[in-house]
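Chains A and B are the protein sequences, given in the same order.
298 is the number that my numbering gives to position 242 of the first sequence; each next residue is one higher, with no gaps.
141 is the number that my numbering gives to position 137 of the second sequence; each next residue is one higher, with no gaps.
By construction, these hints were calculated from the structure, which means they are not laboratory data.
There may be inaccurate statements among the hints.
Claimed, not checked - Okay, derived cross-link-like pairs now, SDA-like style, lysine to any residue, Cα gap no bigger than 25 Å in a straight line:
1. A/Lys245 to B/Ala168
2. A/Lys238 to B/Leu100
3. A/Lys198 to B/Ile49
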Amino acid sequence: MKNFARLLPLVLLTMGSAGPALAQKLIHSERSMYRDVLVYEERGERCMCFTRECRIGRQSCIYLARPREFALSYTHMVMGGLLFATSAPPKTLLIVGLGGGTLPTALREVLPDAVIDTVEIDPAVTGVARRFFGFKEDPKMKVYEMDGRVYVKRAIREGKKYDAILLDAFDHEYIPEHLLTKEFLTEVKSLLAPGGVLVGNTFSSSRLYDHESTTYAAVFGTFYNLKAANRVIVAKPAGLPTMEQLRARAMEYELALRGFGVDVNTVLGMFNTRQDWNPNARVLTDQYSPANLLNH
Amino acid sequence: MSDRPLLAGLQVAVCYLVAFWSGFFVMGVELLGGRILAPNFGSSIYVWGALITVFMLALSLGYLAGGRWSQKNPSLQRLGLLLGVAALTALPVLVLAGRPLEDLAIAVPDPRFGSLAAASMLFFVPTFLSGMVSPYCVRLLVDDEKTSGRRAGQLYFVSTFGSAGGTILTSFYLVLWFEVNTIILGMIAISGALAVLAVLARSRR
């Protein structure tokens, strides 16, 4: 009886979630040098997570029945930033942080001739992206397995330039602090080709939000700030495009993006430059970067 | 060997304090080391592996050297000198962290050996000298063989407790309040003050 009483909440909980059909199923699990890389399936979605039962956020998700379609909302904003804010279709792109590879996979489809370089620190993540998320490399789409900051410094020395750069290396549990400093963003800025665009996918709702904002503002000035569950920053050193320019570019991709479930008008409606942070928050630098402590 | 203790009263306390602080200093610097290396070497597992290896190696050799050096005219004054010099050799960390580390990262592109070389260049000497402190303190504090184990145990306690303090204070609080270089300079200043204290502390005999 005592045992049953202890189990009762569990029984009720299981009943509440409408039976085992909706239960999370662990498809794959491996321990990498950095973390557990887990693949779960639930309600027709397959997700890559770094924590048990995806307790602290999901890295990448696909719908099993419609694998092209974006399952996470932030990807819509990111595609909008990369494609609408550039003044011509980007020919060279850099993505820092692979996850399941849904973004490079989609970008390859929209931009068949572009060079898409991706940097991923964890080889296990790359392996799981290939095996479970349909990520495929090609001669113009490569993954570099190294730290993002190290890659950026090397790329600068080699004289590389990118039309669009996406920073997508943060998760809810841990932020690589050296990828959220004024010095790093300055390096990234110098890696942009003339007219190039930087898109940063972050999520912060905590105290870090203010610091992150002033740090981006210190390097890029005004930027577009798109917010849903995540936050996507779109910066362009050559000057931000006007809403009309964004709309014109968006229309060119309307059809292509529909296939991914992206409604360009919804994404366009999210672009704004309203400053909703404390402008006096201390800028993060290589000398002062307690991003994880601020994110509580 | 005389049975008269080398230290008395306040001097004993200063000796423990120096051992505590030395432990604090080493771990504070080690944690900041991760931040100092990150811009050029990243924060991959290799970088932390290299950093911890260098600290452990420097400490182990420092223990040997400290024990040896304690055999000749051991004194609290010399211990203070040791602490002060160890702190001063951490000063180059402030200067070398910029351009020289970048050059090193270019010269040694492999993330393992690059960060190993960088960590050695910046942290080997101060950590080696800090490692000398504990065995030297043991020599100063032990007056007879019956209490030698207890004294050594207390010393390990104080110094490792200091390391724990240096780790948690630096990673949870100091980096939130101050810049990396400010923290290092502050720790060097505290080492300097303690060094002066150790040199000046006289027994009442």
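Each hint tested on the structure:
About 39 Å separates the Cα atoms of A/Lys245 and B/Ala168, which puts this hinted pair outside 25 Å; it is violated. Straight-line distance between C-alpha atoms of A/Lys238 and B/Leu100 comes to about 20 Å, which keeps the hinted pair within the 25 Å bound. As the CA atoms of A/Lys198 and B/Ile49 are separated by approximately 22 Å, the hinted pair is consistent with the 25 Å bound.
In terms of the numbered hints stated before, the structure departs from hint 1 and from no other.
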